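Protein chains: 2
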Amino acid sequence: MSEFAAWMQGCQARMENVLSDWLPPASIAPQRLHEAMRYAVLGGGKRVRPLLAFAAGEVAGADVERVQHAAAAVELIHAYSLVHDDMPAMDDDALRRGKPTVHVEFDEATALLVGDALQSLAFDILAAQPLARDAATQLNMVLLLAQAAGSRGMAGGQAIDLASVGKPLDLTELEFMHIHKTGALIRASVLLGAQCGTPSEATLAALDHYAKCIGLAFQVVDDVLDAEAPTATLGKTAGKDAANNKPTYVSLLGVARARELAQELRADAHAALADLGAPAARLRQLADFVVERTF
Amino acid sequence: MSEFAAWMQGCQARMENVLSDWLPPASIAPQRLHEAMRYAVLGGGKRVRPLLAFAAGEVAGADVERVQHAAAAVELIHAYSLVHDDMPAMDDDALRRGKPTVHVEFDEATALLVGDALQSLAFDILAAQPLARDAATQLNMVLLLAQAAGSRGMAGGQAIDLASVGKPLDLTELEFMHIHKTGALIRASVLLGAQCGTPSEATLAALDHYAKCIGLAFQVVDDVLDAEAPTATLGKTAGKDAANNKPTYVSLLGVARARELAQELRADAHAALADLGAPAARLRQLADFVVERTF
Numbered sequence: 007m008s009e010f011a012a013w014m015q016g017c018q019a020r021m022e023n024v025l026s027d028w029l030p031p032a033s034i035a036p037q038r039l040h041e042a043m044r045y046a047v048l049g050g051g052k053r054v055r056p057l058l059a060f061a062a063g064e065v066a067g068a069d070v071e072r073v074q075h076a077a078a079a080v081e082l083i084h085a086y087s088l089v090h091d092d093m094p095a096m097d098d099d100a101l102r103r104g105k106p107t108v109h110v111e112f113d114e115a116t117a118l119l120v121g122d123a124l125q126s127l128a129f130d131i132l133a134a135q136p137l138a139r140d141a142a143t144q145l146n147m148v149l150l151l152a153q154a155a156g157s158r159g160m161a162g163g164q165a166i167d168l169a170s171v172g173k174p175l176d177l178t179e180l181e182f183m184h185i186h187k188t189g190a191l192i193r194a195s196v197l198l199g200a201q202c203g204t205p206s207e208a209t210l211a212a213l214d215h216y217a218k219c220i221g222l223a224f225q226v227v228d229d230v231l232d233a234e235a236p237t238a239t240l241g242k243t244a245g246k247d248a249a250n251n252k253p254t255y256v257s258l259l260g261v262a263r264a265r266e267l268a269q270e271l272r273a274d275a276h277a278a279l280a281d282l283g284a285p286a287a288r289l290r291q292l293a294d295f296v297v298e299r300t301f
Numbered sequence: 007m008s009e010f011a012a013w014m015q016g017c018q019a020r021m022e023n024v025l026s027d028w029l030p031p032a033s034i035a036p037q038r039l040h041e042a043m044r045y046a047v048l049g050g051g052k053r054v055r056p057l058l059a060f061a062a063g064e065v066a067g068a069d070v071e072r073v074q075h076a077a078a079a080v081e082l083i084h085a086y087s088l089v090h091d092d093m094p095a096m097d098d099d100a101l102r103r104g105k106p107t108v109h110v111e112f113d114e115a116t117a118l119l120v121g122d123a124l125q126s127l128a129f130d131i132l133a134a135q136p137l138a139r140d141a142a143t144q145l146n147m148v149l150l151l152a153q154a155a156g157s158r159g160m161a162g163g164q165a166i167d168l169a170s171v172g173k174p175l176d177l178t179e180l181e182f183m184h185i186h187k188t189g190a191l192i193r194a195s196v197l198l199g200a201q202c203g204t205p206s207e208a209t210l211a212a213l214d215h216y217a218k219c220i221g222l223a224f225q226v227v228d229d230v231l232d233a234e235a236p237t238a239t240l241g242k243t244a245g246k247d248a249a250n251n252k253p254t255y256v257s258l259l260g261v262a263r264a265r266e267l268a269q270e271l272r273a274d275a276h277a278a279l280a281d282l283g284a285p286a287a288r289l290r291q292l293a294d295f296v297v298e299r300t301f
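Going down the list, the sequences are from chains A and B.
Positions 7 to 301 (my numbering) are the ones given, in order, by the first sequence.
Positions 7 to 301 (my numbering) are the ones given, in order, by the second sequence.
No lab work stands behind these hints, which were simulated from the structure alone.
Among the hints, erroneous ones may be present.
Repeated chains share a single entry, so a pair holds when one copy, or any two copies, can fit it.
Under the rule of at most 25 Å between Cα atoms (straight-line distance), these lysine to any residue pairs were calculated in the SDA-like manner [unchecked claim]:
| no. | residue 1 | residue 2 |
| --- | --- | --- |
| 1 | Lys-218 | Gly-49 |
| 2 | Lys-52 | Ala-12 |
| 3 | Lys-105 | Gly-172 |
| 4 | Lys-252 | Ile-34 |
| 5 | Lys-105 | Ala-235 |
| 6 | Lys-252 | Ser-8 |
| 7 | Lys-173 | Asp-113 |
| 8 | Lys-173 | Glu-41 |
| 9 | Lys-105 | Arg-44 |
| 10 | Lys-105 | Ala-284 |
| 11 | Lys-252 | Gln-135 |
These numbers come from a predicted model, not from an experiment.
Just chain A, same shape as in the assembly (with noise of 0.2 Å):
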């Protein structure tokens, strides 16, 4: 396994020990429900925004054991709105992480709730404990995560996205889409792993355009592998966006000049991080990842 592999496991496995510690034991009332929250978030998933939000620490130096709290309150987010994302209203998908969808697994009331109260969690795990140099600047966190998952950030990617079914969205359109539905929250990961260090406002600024850069790589990615990658490698439903008719950068580019995209992207990301120096190594890496990645 390279040194890469290693760090990447380690900060998988602390992830999956802190969301553990944040979510209520399915022992305590309402105990299902608990038992379903459990059962979305814990036991899979890359992790790739946690993974974002250590490799910004360590740009800002802050310490893992904050940054790791910052991380699940993103992680938190992101498995809420796949359980919404997930619903008969919504994709209605059956297949989550090689797992039954909570709404299959449970009910459809128990995921709505599911997705509601992870939201809360993730703004309680933000406001628990010091986080960041001061209280104001955990606020300005706090902010950041809110605006990153409303309207005008993923809540609203995702009323784009449904309203662009079986519609011809030009590549402008299809991105404005994206920076909403993935980006925003991908920004959140790593401008709140930064904050919980000491960044200057030049490394905020540089990790918010690498951020723009791997939000957008990301999301390229997984429209090839969503064309070309069997289920059983994606853990969900493949070939679900040409099925449903969705527009995506390989129904606009092709294959060939969708995967050219997400390198000139990964280009770009590297680009932003030219002056960040050694301390960026990690996100250099997360860079090559995504783009790289074949799940």
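Add chain B to chain A, keeping to what the hints say.
Here is chain B on its own, set in the frame of chain A:
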């Protein structure tokens, strides 16, 4: 109109403006989501939670220009919970505040996202500008709201409520459900309003006790109204609890004893305020209002 009624109207009008200012205009993308968010929140509702926040703010010498934002945050959590509760997977209700529910007027996917985005907006508001004497206190307000909304608060209460349909709950179990389902957010309204000022620990403890009494009284009265008032007066479908075979204070105690219990809780609420003197006058009036209301 009584002086108290005029104060209520003033607060309600203020809330309408504040909420309208915080909600993104329907002209901004994603337009349909923003339109539906405004539909869900504006133009209706008693605004009981904001009224409690304003009244509690008076006890703590809070600036109303600050309290209004804390009140808006709590009201948005309440509004999101109504949107999700009304969905087919939950209560499946078609009428709310005399209008078609969000999933009926728009669609289920939009209702899901409206609720999600309203919750995010609540935390956005709580973190967007100074509301308390210092940032650490304000972070504590975020924590309070997150816990009140989450799986050990409101969302947990919903889960207990769902699990109780058709089951013979006893009075202790019913109270446990309501302390979560409505009590937690009413408590948050009162404490957040106060924390916009400079409350002493003793004041916060008194307000906490007051809020618990009011929260239960509110629910007991709700059950009485649901059993007795016509749909046209309520602005929502009446008689639903009995139709759904849901345990209520009325089904467990009968109407007469439920009314008596509400009066006892009103007396307890007044007693909790005994040491707070004249600044608690509004809170006393609100206790009376909550118990005497007919809608």
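Hints, one by one, checked against the model:
When the C-alpha separation of Lys-218 and Gly-49 is checked against a cutoff of 25 Å, the pair qualifies neither within a copy, at 28 Å, nor between copies, at 38 Å. Taking CA atoms no more than 25 Å apart as the test, Lys-52 paired with Ala-12 passes inside one copy only; the shortest distance there is 14 Å, against 56 Å between copies. With identical chains, the CA atoms of Lys-105 and Gly-172 are never at most 25 Å apart, being 28 Å at best within one copy and 31 Å at best between copies. In the homo-oligomer, the alpha carbons of Lys-252 and Ile-34 lie at most 25 Å apart only across protomers (23 Å), although the nearest pairing inside one protomer, at 41 Å, exceeds that limit.
In the homo-oligomer, the alpha carbons of Lys-105 and Ala-235 lie at most 25 Å apart inside one protomer (18 Å), although the nearest pairing across protomers, at 47 Å, exceeds that limit. For the homomeric pair Lys-252 and Ser-8, neither the shortest alpha-carbon distance inside one copy (37 Å) nor that between copies (58 Å) is at most 25 Å. For the homomeric pair Lys-173 and Asp-113, the shortest alpha-carbon distance between copies (18 Å) is at most 25 Å, but the shortest distance inside one copy (31 Å) is not. For the homomeric pair Lys-173 and Glu-41, the shortest alpha-carbon distance between copies (21 Å) is at most 25 Å, but the shortest distance inside one copy (39 Å) is not.
In the homo-oligomer, the alpha carbons of Lys-105 and Arg-44 lie at most 25 Å apart inside one protomer (13 Å), although the nearest pairing across protomers, at 37 Å, exceeds that limit. Taking the closest pair of Cα atoms, Lys-105 and Ala-284 never come within 25 Å of each other, the shortest separation being 39 Å inside a single copy and 59 Å across copies. In this assembly of identical chains, the alpha carbons of Lys-252 and Gln-135 never lie at most 25 Å apart, being 42 Å within a copy and 39 Å across copies at closest.
Violated hints, listed in ascending order, are 1, 3, 6, 10 and 11; each of the other numbered hints is respected by the structure.
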